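Spelled out, the chains give:
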Amino acid sequence: EAQVTQNPRYLITVTGKKLTVTCSQNMNHEYMSWYRQDPGLGLRQIYYSMNVEVTDKGDVPEGYKVSRKEKRNFPLILESPSPNQTSLYFCASSSPPSTDTQYFGPGTRLTVL
Amino acid sequence: AQKITQTQPGMFVQEKEAVTLDCTYDTSDQSYGLFWYKQPSSGEMIFLIYQGSYDEQNATEGRYSLNFQKARKSANLVISASQLGDSAMYFCAMRETMDSNYQLIWGAGTKLIIKP
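Order-wise, the sequence lines are chains A and B.
For the first sequence, the working numbering assigns the number 1 to the initial residue and increments by one for each residue that follows.
For the second sequence, the working numbering assigns the number 1001 to the initial residue and increments by one for each residue that follows.
It is worth saying that the hints were derived from the structure and are not from the lab.
Be aware that one or more of the hints could be misleading.
Straight-line distance between alpha carbons at most 30 Å, and here's what the computed DSS-like set of lysine-lysine pairs gives [to be verified]: (1) A:Lys57 - B:Lys1003; (2) A:Lys65 - A:Lys18; (3) A:Lys18 - A:Lys57; (4) B:Lys1073 - A:Lys57; (5) A:Lys65 - B:Lys1003; (6) A:Lys65 - A:Lys17; (7) B:Lys1070 - B:Lys1111; (8) A:Lys69 - A:Lys17; (9) B:Lys1115 - B:Lys1016.
Treat the numbers as computed from the prediction; the structure is a model and nothing was measured.
Produce the complete structure using the sequences and hints provided.
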């Protein structure tokens, strides 16, 4: 089954404790992206990747890192999480990027205390 | 300026009725795509329907259709014969071909509640 998976689905952590949210897709998509969703602000892009080893900042990259060592995986790293990073996070993938549908993972609900 | 505007924060609709969710967009790009996604209370983002700016026919997917009026920059989602399971948040989104981020730009969403 074609899908985007994310782990964990739910995470409660404390300020400053490094964490990684994994994202994996099995559709051989070149393009992958991370979004965060906050009430009243909609979805905003954090980082995106056009292909392996090619990543770039979206609209709200501060406090996040990503890597793309393999085509299928695109982890999101929070080196020192803060409470303002409490949000619902989505990973998405598509191919080719300009017109194709972006398929979303199930979301990761992160709470930083 | 808002690129995607959804003017209906919430709607109540009787089961089995058709419902139209409004979406207007703003772009100077000639080539773009318009998408609708559904987000149920469980949180996942489910793709519903896509319309390309050069598509002459309105897109349809089962009970979903997109009323695309390019001159008015409008891309309304029509759900025919609504069901209780259609209760969810609905988001309109756009992707501009000239956007190097290839990101989806999202509206604020419409919360649809289907009444039995």
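To test your reading of the hints: which numbers does this structure violate?
none
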